[in-house]
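Q: Chain by chain, the residues run as shown.
Number of protein chains: 2
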Amino acid sequence: METEIFFRMATEEDLSEIVAMLADDVLGSQRERLEDPLPESYLRAFHAISADPFNELIVACHGNKVIGVQQLTMTPFITHQGGWRATIEGVRTAASVRGMGVGTKLINWAIQRAKEHGCHVIQLTTDKSRPDALRFYERLGFEATHEGLKLKL
Amino acid sequence: METEIFFRMATEEDLSEIVAMLADDVLGSQRERLEDPLPESYLRAFHAISADPFNELIVACHGNKVIGVQQLTMTPFITHQGGWRATIEGVRTAASVRGMGVGTKLINWAIQRAKEHGCHVIQLTTDKSRPDALRFYERLGFEATHEGLKLKL
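Going down the list, the sequences are from chains A and B. Using our numbering, read the first sequence as starting at 1 and increasing by one per residue. Using our numbering, read the second sequence as starting at 154 and increasing by one per residue.
One should not assume that every hint holds.
Far from chain B by the CB rule (all over 12 Å, computed), these chain A residues [as the list claims (entries may be wrong)]:
1) Glu4
2) Ala95
3) Ala110
Capping the alpha-carbon separation at 27 Å, the derived lysine-lysine pairs in DSS-like fashion look like this [stated by the list, open to error]:
4) B:Lys281 / A:Lys152
5) B:Lys305 / A:Lys105
6) A:Lys152 / B:Lys218
7) A:Lys115 / B:Lys268
8) A:Lys105 / A:Lys115
9) A:Lys115 / B:Lys305
It is worth saying that the hints were derived from the structure and are not from the lab. C-beta atoms are modelled at their ideal positions from N, C-alpha and C, and glycine is treated no differently.
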């Protein structure tokens, strides 16, 4: 399997598989809606993401199967001498390939992409109820230096 | 002072005052460069921010003085049924007005703006070495549900 995984920008045709991965998760099952047809809000978000050159929905593929997803945004901030940051969101792999290193490949791809773009840091937040995810990112070199705060609107 | 504070988008002419506020801080003093003229990287970031309709550098003003700054980005994600999120970064107030509620007004302004845009959540990360900042955000209703991870590139 090692040599056959590749990454590409998601297309509209990938959306159902992406939402299926997002929903196949303890937290995701409570907040996603995997329906046929998909709720319009996913399509609207997909088009808004596609319209932004610095917001990328990326899928990992194995042959013609989508086996992983992540979203990478690159944002200019005024802090850190006007530096760009990359942010990773919504990392998921298909249940059929879990434990096979696809998540690691996804994150390493994002790190490389962020470097190419000239970002000085790559960041993400992970729910404190996911200790395994925290350890996964720490193994990849991330440091939990910050509190991640949210306020529902 | 209460009634005289107002908020507006930052202009290029505000940049020196903004960088002065960012640099007047334990962490910021190590990573910003308050020079005359300002390093070009701040101007490039300012123009990149201005070119994005969903990335806003906001200043709080009192009369003709800039007394606070924050950056608000609004981003469409595929997670949460394709929901938009608002992210706050680089919140600072001028030393001369600290403890006068300007920070609270800035954040409440951002919350209102994020609601108007239809964001389902507003989020930020705060360095674990800033316990006062954490308490400040918790008082405003934010919950530290996530770990904030960073990897320098």
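Q: Work down the list of hints and note, for each, if the structure agrees.
A: Each hint, compared with the structure:
no.	hint	in the structure
1	Glu4	holds (25 Å)
2	Ala95	holds (18 Å)
3	Ala110	violated (10 Å)
4	B:Lys281 / A:Lys152	holds (22 Å)
5	B:Lys305 / A:Lys105	holds (18 Å)
6	A:Lys152 / B:Lys218	violated (32 Å)
7	A:Lys115 / B:Lys268	violated (33 Å)
8	A:Lys105 / A:Lys115	holds (15 Å)
9	A:Lys115 / B:Lys305	holds (10 Å)
Of the numbered hints given earlier, the model fails hints 3, 6 and 7; all others are met.
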